[in-house]
Amino acid sequence: MQTNNPFTERGRITDPERFVGRWSELGLIFERIEAGRPVLVSGTPGIGVSSLLTHITQAAAVNLETPELRAYYLDIALAADAAQIYATLAGSLGQRGDTLAALELALVAVNDPVLVCLDNAQAALAAGWGAALLEALARVVRGGQFVLVVGMRGAPPPLSERFATLKLGAFAQTEVRLLTETYLDGTDVSFSPGEVREIIELSAAHPAYVQRA
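All residue numbers for the sequence shown refer to UniProt numbering, where the first residue is 1 and numbers rise by one.
Note that these hints are calculated values from the structure, not bench results. Any given hint could turn out to be false.
What the hints assert, rightly or not - With beta-carbon atoms standing in for the labels, derived distance ranges:
no., residue 1, residue 2, range
1, K167, A59, 18 to 26 Å
2, P45, V110, 29 to 37 Å
3, T182, G154, 23 to 31 Å
4, P157, E201, 33 to 41 Å
5, A109, P67, 28 to 36 Å
6, G97, T182, 37 to 45 Å
7, E201, P67, 40 to 48 Å
8, G143, P45, 15 to 23 Å
Think of the CB as a built atom: it goes at the ideal place given N, C-alpha and C, for glycine as much as any other residue.
Model the full assembly from the supplied sequences, consistent with the hints where possible.
This is the structure:
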């Protein structure tokens, strides 16, 4: 019987059942969130920053034991300026306007905790308006109702607001094993321990390369 290749993820993973591992990183991020800190996650292309932010959006309410939490994922690279980001966030909360003040009014109106994962911040930073946006949103975090997690490629920039920073690296070997087991579940294929070790060596445990090894 022919088995289709299950290792087909080539971009942001949006299916929770296809997201595997990153337990240590998730634990650190949720600790920082509970401490009231904005978080900035950085990494190289394909390392899984976008998938991690997506998973945080999907899992935060359960992990933080806050069922009323409103969680949003937003790709900054699709916005032309900060006004579009403010308008999108405020609009998601039922408020018109494209300013920081509009977002703050929206937060007051909903009276629920709100988590926002802003991805691909390097685009806005390169365009010259990203730093001011991130600093402004980080100040909103101080109020206790707003949670901010930022993802970006490359090294984090110097910012006036203190972010908890995390650099995403390769998978742990146990995570590579779990990924192969999870993706092969339901097929008639299995990898031996030696084959898994070979995948780890070929891919250097880089998530994108594991999919191709």
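Hints, verified against the model:
1. Checked against the hint of 18 to 26 Å, the C-beta distance between K167 and A59 comes to roughly 21 Å, which is consistent with it.
2. The beta-carbon spacing between P45 and V110, approximately 35 Å, falls within the hinted interval of 29 to 37 Å.
3. In this structure the supplied range 23 to 31 Å holds for T182 paired with G154, their Cβ-Cβ distance being about 30 Å.
4. Distance hint check: the CB atoms of P157 and E201 are about 35 Å apart, consistent with the given range 33 to 41 Å.
5. Taken as a hint, the range 28 to 36 Å is violated for the pair A109 and P67, whose Cβ atoms sit roughly 20 Å apart.
6. Against the hinted window of 37 to 45 Å, the Cβ-Cβ separation of G97 and T182 comes to about 43 Å, which satisfies the hint.
7. A hinted range of 40 to 48 Å for the beta carbons of E201 and P67 is consistent with their spacing of about 43 Å.
8. Checked against the hint of 15 to 23 Å, the pair G143 and P45 fails, with Cβ atoms roughly 34 Å apart.
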